[in-house]
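A.B. asks: Listed below are the residues making up each chain.
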Amino acid sequence: MRGVRRIAVSLGVSMLASVGLVIVYISGGQNQLEGLLLGLALGGMGFGITLWATELLVEPEKVEERAPLESSESDRKDAVEMSEEGQFTRRTLLTRMLGGAGATLAAALAIPALSLGPRPGQDLFKTKWTPGARVVDENGRFIRPGDISVEEIVTVFPENYVGSSDSQAVLVKVDSDLLQVAEGREDWVPQGCLAYSKICTHAGCPVGLYRSEDHQLLCPCHQSTFDVLQAGQAVFGPAIRALPQLPLEVDADGYLVAQSDFPEPVGPSFWNRTREA
Amino acid sequence: MLKWIDSRLGAASLARKGLRKVFPDHWSFLLGEVALFCFVVLLATGVFLTLFYRPDSVPVEYQGPYGPLRGQEMSAAYESVMRLSFEVRAGLVMRQIHHWAALVFVASIVLHMGRVFFTGAFRRPREINWLVGIGLLLFAIGMGFTGYSLPDDLLSGTGLRIAYSAMLSIPFVGPYLSFLTFGGEFPTEGIISRLFVMHVMLLPGLLIGLITVHLALIVRQKHTQFRGAGRTERNVVGKPLWPSQTFRSLGLMLIVSGLLAMMGGLIQINPVWNFGPFDATIATAPSQPDWYVGWLEGGMRLFPPIEFTIFSTTFATVLWPGVVLPGIAFGTIALWPFIEKKVTGDEAEHHLLDRAREVPMRTAAGVAGIAFFAMLTIAGGNDVLAVTFKLPIEAVTWALRIGLFAVPLIAAFIAYKMCVELRSSQGHPFRRQRGVRLVRNAEGGFEES
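Top line first, the protein sequences correspond to chains E and F. Positions 3 to 279 (the working numbering) are the ones given, in order, by the first sequence. Positions 2 to 450 (the working numbering) are the ones given, in order, by the second sequence.
Wrong hints could be hidden among the right ones.
As the list claims (entries may be wrong) - Within a straight-line C-alpha distance of at most 25 Å, the following computed BS3-like cross-link-like pairs (lysine-lysine) qualify:
(1) F/LYS18 / F/LYS223
(2) F/LYS343 / F/LYS418
(3) E/LYS130 / E/LYS175
(4) F/LYS4 / F/LYS18
(5) F/LYS223 / E/LYS64
(6) F/LYS22 / E/LYS64
(7) E/LYS64 / F/LYS418
(8) F/LYS223 / F/LYS342
(9) F/LYS223 / F/LYS22
Hints in this document: simulated from the structure, not taken from any laboratory.
Looking at chain E on its own, in the form it has when it is part of the complex (with noise of 0.2 Å):
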């Protein structure tokens, strides 16, 4: 009998592993052992009852007969027939009714789900950044162009909205000699301080990573590249639009503020995006 033997052996470990495992929890418990415990009590258990089936209960295979899914004729037309009781088919005009009461119903009770979210209006169109905003670093402190170097990139948020989602920026500062400024956008640059939109214009998520040596910043989610010095233009990946750039200037203070809004909306592609919200 070393069916026997071995189901028993099975369920002997099972037993001991449970009890091993109520004194692991009781003197503070511990991770790694807990799991093998729980998984030696599961196992064996399973183990054993398995040996069970394949060493003691041999049993010789069955044969069911396979009756035939489809209704007799005879009971299809009853059943056909039954729905006709109600003698629904006659009375047109009240099941139409019927039909059509219950479709508005429908439709009324699903509206509730419109106060799930508020319209979208304005929100993906603008964000918190307003003309003469001062540029704050994360710890809400103003920054003026001399207190970074070139090379060096900064997250910014307007003043009083650190934090806010839609309007992080990043702030690089390059070498004025190297920058090809847009039409338009000649002075957005002070000193050579540039901030884009920090929210890849592919899938959303923030563009964190700079590679000094060829000026591009890179989405870590999908590989987005935009070229800092060419006006934040997508050059690999799956982006397609530029960051939008964010016109800077300095105030009376010296201090970089924003000369307005960014001036189209941030962030991933909505259809009506080209629009006027």
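Start from chain E and add chain F according to the hints.
C.D. replies: Same frame as chain E, but now just chain F:
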């Protein structure tokens, strides 16, 4: 006692029939059972986790025993996961068993689906159960995705953000749909509690309902079987439910749970304390999702930048890999029984299973599909590949773009040839016949054939 029950329910006659019910035996029929048992483990561990989790994004300061994060601000949700992992006795092992069980759950569903596909078990009369199965797969992925997002760590936030962007990109309805789903512009405060309700109430309810239908249909239609002595389209040959099948299934359930428990104890998974709490201004590289979302991530990485605006309506680049690709993929899989019926014109009932080699076209199509998903999944780690092999990311991406179409075609061609070869030689791919085959000729002698 038994008499008491029987006199009220007539249980004995039901049991007499039910316990004799025959189930055919084959190792591949156990894959679906493995999925079911994973679900049982998920429910058991999930209830435990629910009692400690706090579905709240209100900011709190961490004061727990994990040094590196002490004093940092984080959501109450993340903090509760930290407490569960470090302070609740047996909390971490439960969390890790839950996560491992989720990964194995989806994996066993996919393998089970592959078995059903390659053996043609989806054919008439089982098309309905195939569709129910697709629904189960979708809900299981939904469970995985919502569960992955609940700890509110940095990685889960990144996944949510990409899902939001994909939803936002749908023409005409995207902004409304995503605002209704997320409760506003991402990131929203309410999203954690919404995901929680989905994860612990709506989706489990739907899963339990669909699993019930799935099993009821198997009972009604009876299980399929492979060809063999005495097995026909008109019968089922196998072991009865009691005691053989019951003992085997019970044993399998305990072994599966035992393995998951060991994995949960010994193999670390999703160490959220390493990722840190969610911060809308940070994403890290490499950020990897759970395995069953990898192909979607890969699609996002490989799809070339195509975005256009007609009549001032923008069709975003994430629309294609984020919405259209999964739509087509799941649509094709769901409709496969009907597509195949159109192609072959086979309307007959089938209860005997095909072997993969016997239907080269289907097998080739399935292999192509698997290769396609595999390539996309590999592409989901293109940054990891680039770093590992010290190649420029651009080169890796281009190679994968070409491979996405080339590899499935080549794989399908090889699979087709192999099927035809195996079918004609009648050989088993692994169990080669030993010895030679002798054929008696007209003269009464023997010669090798």
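A.B. asks: So, for every hint listed, does it hold in this structure?
C.D. replies: Hint by hint, here is what the structure shows:
1. F/LYS18 / F/LYS223: 14 Å, holds
2. F/LYS343 / F/LYS418: 23 Å, holds
3. E/LYS130 / E/LYS175: 22 Å, holds
4. F/LYS4 / F/LYS18: 17 Å, holds
5. F/LYS223 / E/LYS64: 14 Å, holds
6. F/LYS22 / E/LYS64: The hint holds at about 9 Å.
7. E/LYS64 / F/LYS418: 38 Å, violated
8. F/LYS223 / F/LYS342: 22 Å, holds
9. F/LYS223 / F/LYS22: Holds: F/LYS223 and F/LYS22 sit about 9 Å apart, inside 25 Å.
Hint check: a violation occurs at hint 7 only; the rest are consistent with the structure.
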